[in-house]
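**Student:** Go ahead and model the full structure; you've got the sequences and the hints to work with.
Protein chains in written order, with the working numbering: chain A, -14 to 383; chain B, -14 to 383.
Be careful, since some hints might not be right.
Note: identical chains are not told apart, hence a pair may lie in one copy or across any two.
Mimicking DMTMM-like on lysine to aspartate or glutamate, the simulated pairs with C-alpha atoms at most 25 Å apart in a straight line are [what the hints assert, rightly or not]:
(1) Lys62 - Asp313
(2) Lys311 - Glu134
(3) Lys232 - Glu370
(4) Lys311 - Asp212
(5) Lys62 - Asp138
(6) Lys(-5) - Asp138
(7) Lys232 - Asp205
(8) Lys62 - Glu182
(9) Lys171 - Glu208
(10) Lys311 - Glu34
(11) Lys311 - Glu118
(12) Lys171 - Asp260
(13) Lys311 - Glu58
(14) Lys62 - Glu314
(15) Lys(-5) - Asp15
(16) Lys311 - Asp131
(17) Lys311 - Asp240
Keep in mind the hints are simulated off the structure, nothing from the lab.
Number of protein chains: 2
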Amino acid sequence: MSEFGFRVLKNDRASRARLGRIRTARGAIDTPYLVPVATCASVRALSSEDLLALGAQCALANTYHLALRPGAELIRKFGGLAGFMGFPRPFFTDSGGFQAFSLGAGKAHGVNKLGTIFPGRAEAAGKSPVLAEVTEEGVRFRSVYDGSEHFLDAAGSMRLQSDLGADMIMAFDECTSPLADYEYTKRALERTHRWAEVSLRDHDPRQALYGIVQGGWFRDLREASADFVSSRPFDGIAIGGSLGKSKDDMHEILDWVVPRLDRRPRHLLGIGGIDDLFLCVEKGIDTFDCVTPTRQARRGILYLSPASGGAPANNFRFQLRGARFKTDELPIDPACACSTCRTYSRAYLRHLFLAHELTFFRLATIHNVHFVLDLMARIRRAIREDSLAALRREWLGT
Amino acid sequence: MSEFGFRVLKNDRASRARLGRIRTARGAIDTPYLVPVATCASVRALSSEDLLALGAQCALANTYHLALRPGAELIRKFGGLAGFMGFPRPFFTDSGGFQAFSLGAGKAHGVNKLGTIFPGRAEAAGKSPVLAEVTEEGVRFRSVYDGSEHFLDAAGSMRLQSDLGADMIMAFDECTSPLADYEYTKRALERTHRWAEVSLRDHDPRQALYGIVQGGWFRDLREASADFVSSRPFDGIAIGGSLGKSKDDMHEILDWVVPRLDRRPRHLLGIGGIDDLFLCVEKGIDTFDCVTPTRQARRGILYLSPASGGAPANNFRFQLRGARFKTDELPIDPACACSTCRTYSRAYLRHLFLAHELTFFRLATIHNVHFVLDLMARIRRAIREDSLAALRREWLGT
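**Tutor:** Given below as structure tokens:
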């Protein structure tokens, strides 16, 4: 039996935000929390000691990528992700279903799950090879690494996730394209619900299983999915994309879904912009995962708190490449207490970035991860102290 | 005035090896020592905190690269390299003279300074653009970054090195090609000695200046250079390449040069293979610098001590890519106490390497740097305890 548990410690008065604690055999996770993403069993540019030093409570790894390389069997031999990575804290894994979208319809349509049309990809839409094809039984993938063919179904996803040994796993689902029409999205949802039953039946009972609410941006489908997933004995509820065609759509979808859910923990898959963190916490989300903080760090995009000029207008970030930072003696964010900000100037970090020095990627990632984890700690404190609305106004201005 | 000083604490009985201590305003360096190389103000993949955690006593940075990017003036504004990098220990800088070879004749001849002909470069010899041209006055460089033209002479090198603010700096010299003939090498040496006088006259007196012995693989030139440099009031003596056409030539050159030097500290430029460390210490070298340990780490070539199978036959290293490490639960070197070996398996590190994960580069570099710094500490202890020959036999078998 899973040692998993979740308690809501406090409900916010003014919103659906809630303070909670997830309990696992590998330790607790105080929520709301943004889970760092270790796609290939590494939070890119960070070591497991770095994660511990940052106080990371848990991590999320990707089943599709790890199954292809180095293989789930190998990770099982090392006692699962925690043993393989040397990070002895709770893990989430996703189910591989997201890649059915990102390598399939996402490529065919040239969009991401919020419907953002990528520059250059719209033209390529339908031309670049589609690496995933959904059938009633499961998803036929081509490896992004060597083109080899793989078939993944719900039972297979549960087996892989058992091998990876995460504490919290996801039901196998199909993430549909934001450009999919009602009829397609409805058929996909029916598949996803059938696969949810297989996931419930076949998953390793030592792992906590999250069901996934899908349904695109169609209200009746989202509501039906929320009701279905709620009715089944999942340990937690995840909300998957596509989440409409804009951030406003995403917030509306959460308003349809969350009120239909009970007290089980709620995970929002793949979302983690600074404004999203506030708004989705207030809509009742307990955990998020997102590669944005680490990916942006590697591109020289660094987070900035309101005390240092961060605001919705600049998305709480700046691009370090700018010539105005050439001689800047300040740390990335003078209000930040991370080890990078305590030691290095913007001028030095900019030099490392422009010189393509490997050291840059880690130092920048440490800042961005510290920044979002610290923000989550502030949000938890604000819920505890009934000051979440004030904190949101301080950051978002509204 | 420079606070620089050097004391020989003990001379080995069986060889020219000596235990010493360099004193600088930023702290002491126990010798013999392999100085980690921070080419562009970063030991590639490591942070300054990593260097401190590794117990690095000092670092060496490259004037040519830093003058081009980010510029020596900028580094001066940050209090020199120590302030800019946040590494508050002694620094060496080179003079830029080595790039006169590596970007000039080295490219034209398709060789490195030991005369190794690079695969693919021999054919390209004389065809790839030569980026440095030596004149009597100095060296005309083209930037490797943007092709812009720069002229560097001894006075300019002293100015740049003053701005960079290292504790130990190098006289401006010409490193000749191992393929250069006697006549060319003799003329180059005369230039190098004239530039040495300018360096003595123009250098920042707060910095300790090392004169550089050149002369290729010609005995009379090397001896004349050793005598000339010894006769001038340098704070230390560096021995520059080319060091003949093989490692045997290099050892012979040291036998010509070192007996003519006095008790001032001796630096061997750009050498640092595991066998070299033993053999050159025994020939009387106090400090080395070399990018090999860090460069090899990034390529998956990891050091191995004799207790774990390291030997001259495998150059004390192995390539982690090998399939036999796929499931290997051992650390890189079971006899190593570095943070990487205390935490991670070969299987995990191999996965990171094959997945091109940035984390790999740092973890591997930590191991290789720890390995060579630990070896230098063992060598110092062996000199102190009159057991250097035994340590050498343990490692080299002879």
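**Student:** Let me make sure I understand: some of the numbered hints might not hold for this structure. Which ones are they, in numerical order?
**Tutor:** 3, 4, 6, 8, 11, 12 and 17
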